[in-house]
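Asker: If you're matching them up, the sequences are chains A and B in order.
Numbering-wise (the working numbering), the first sequence opens with residue 2 and increments by one.
Numbering-wise (the working numbering), the second sequence opens with residue 210 and increments by one.
Source of the hints: derived by calculation from the structure; they are not laboratory data.
C-beta: ideal position from N, C-alpha, C; glycine also.
Don't take each hint at face value.
Result set (BS3-like, lysine-lysine): computed pairs, CA atoms no more than 30 Å apart in a straight line [claimed, not checked]:
| hint | chain 1 | residue 1 | chain 2 | residue 2 |
| --- | --- | --- | --- | --- |
| 1 | B | LYS278 | B | LYS258 |
| 2 | B | LYS270 | B | LYS287 |
| 3 | B | LYS280 | A | LYS14 |
| 4 | A | LYS58 | B | LYS287 |
| 5 | B | LYS270 | A | LYS58 |
| 6 | B | LYS280 | B | LYS258 |
To give an idea of the interface, some chain B residues facing chain A are shown, with a C-beta separation under 7 Å as derived from the structure [claimed, not checked]:
| hint | residue |
| --- | --- |
| 7 | HIS252 |
| 8 | LEU253 |
| 9 | LEU255 |
| 10 | TYR259 |
| 11 | LYS267 |
| 12 | SER303 |
| 13 | GLY307 |
| 14 | GLY312 |
| 15 | ALA313 |
| 16 | GLY314 |
| 17 | GLN316 |
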Amino acid sequence: KAGVTQTPRYLIKTRGQQVTLSCSPISGHRSVSWYQQTPGQGLQFLFEYFSETQRNKGNFPGRFSGRQFSNSRSEMNVSTLELGDSALYLCASSGDRVTGELFFGEGSRLTVL
Amino acid sequence: AQSVSQHNHHVILSEAASLELGCNYSYGGTVNLFWYVQYPGQHLQLLLKYFSGDPLVKGIKGFEAEFIKSKFSFNLRKPSVQWSDTAEYFCAVSDSWGKFQFGAGTQVVVTP
Numbered sequence: 002k003a004g005v006t007q008t009p010r011y012l013i014k015t016r017g018q019q020v021t022l023s024c025s026p027i028s029g030h031r032s033v034s035w036y037q038q039t040p041g042q043g044l045q046f047l048f049e050y051f052s053e054t055q056r057n058k059g060n061f062p063g064r065f066s067g068r069q070f071s072n073s074r075s076e077m078n079v080s081t082l083e084l085g086d087s088a089l090y091l092c093a094s095s096g097d098r099v100t101g102e103l104f105f106g107e108g109s110r111l112t113v114l
Numbered sequence: 210a211q212s213v214s215q216h217n218h219h220v221i222l223s224e225a226a227s228l229e230l231g232c233n234y235s236y237g238g239t240v241n242l243f244w245y246v247q248y249p250g251q252h253l254q255l256l257l258k259y260f261s262g263d264p265l266v267k268g269i270k271g272f273e274a275e276f277i278k279s280k281f282s283f284n285l286r287k288p289s290v291q292w293s294d295t296a297e298y299f300c301a302v303s304d305s306w307g308k309f310q311f312g313a314g315t316q317v318v319v320t321p
């Protein structure tokens, strides 16, 4: 069974640009969540999607948005990039809302110059 | 709102030493508890989890954790670490809605 796949793995952008990151969950998983990981801050929850609907949202500005498609693949978008957006963005999928175990991808490392 | 606090940001110890990482959470409702590990260059993976039942849970690679409800704690332990246990460890809590909160992580370095 293939794991969670994130693309691209690395990208460099400049301030003011926008970026779109993609996540393909484990086959059969309908829940996809996104996290921002930075040194010393751990994982900060961005949002979670289930069956194309945003179910939970973290405390991030509106520049951060996401969506989920009918095949459960998800994208997140960050507009008007700031230097502080440099981070590892992790996607996780889950197949069971009750047990809630998350399966993570390897992440997309974004550097904003 | 939920919060998760990990007691140490960095831990350095020698092989064969015992490891204990502290984790406390604040949340008024029913929670599920997890420890995840991130080995260098690898993705986060589950070490162990607690949902209900025996508060002492055993995970992979000889790790165990004890849920103490009265202390809102879920500490991770390993009696004898190996060099390969060098990694970052994250404690996490999820609520009945499936919303997760992660701690800031503890970087563990095991020296030969």
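Asker: Each hint needs a verdict: does it hold in this structure or not?
Answerer: A quick look at each hint next to the structure:
1. Restraint check for LYS278/B and LYS258/B: the C-alpha separation of about 15 Å stays at or below 30 Å, so the hint holds.
2. Only pairs whose Cα atoms come within 30 Å are accepted, and LYS270/B paired with LYS287/B is accepted, the gap being roughly 9 Å.
3. Proximity of LYS280/B to LYS14/A is assessed by CA-CA distance (about 45 Å); at most 30 Å being required, the pair is judged violated.
4. Annotation: proposed proximity of LYS58/A to LYS287/B is violated, straight-line Cα distance about 35 Å (limit 30 Å).
5. For a cut-off of 30 Å, the pair hint linking LYS270/B to LYS58/A is broken: about 34 Å separates their Cα positions.
6. Proposed proximity of LYS280/B and LYS258/B is supported: the alpha carbons are some 18 Å apart, at most 30 Å.
7. Given the 7 Å rule on beta carbons, the hint for HIS252/B holds: about 5 Å separates it from the nearest Cβ of chain A.
8. For LEU253/B, the interface hint holds, the least distance from its beta-carbon to any beta-carbon of chain A being 4 Å, beneath 7 Å.
9. Taking 7 Å as the C-beta contact cut-off toward chain A, the hint placing LEU255/B at the interface holds, the least distance being around 6 Å.
10. Nearest Cβ of chain A to the Cβ of TYR259/B: about 11 Å, over the 7 Å cut. The hint is violated.
11. Taking 7 Å as the C-beta contact cut-off toward chain A, the hint placing LYS267/B at the interface is violated, the least distance being around 16 Å.
12. A cut of 7 Å between beta carbons decides the hint on SER303/B: the least distance to chain A is about 5 Å, and the hint holds.
13. About 5 Å separates the beta-carbon of GLY307/B from the nearest beta-carbon of chain A, less than 7 Å, and the hint is met.
14. A least Cβ separation of about 6 Å between GLY312/B and chain A falls short of the 7 Å threshold, and the interface hint therefore holds.
15. For ALA313/B, the interface hint holds, since its Cβ comes within 7 Å of a Cβ in chain A; the closest pair sits about 4 Å apart.
16. For GLY314/B, the interface hint holds, since its Cβ comes within 7 Å of a Cβ in chain A; the closest pair sits about 5 Å apart.
17. Because the beta carbon of GLN316/B sits about 9 Å from the nearest beta carbon in chain A, more than 7 Å, this interface hint is broken.
The structure is inconsistent with the numbered hints 3, 4, 5, 10, 11, 17, although it conforms to all the rest.
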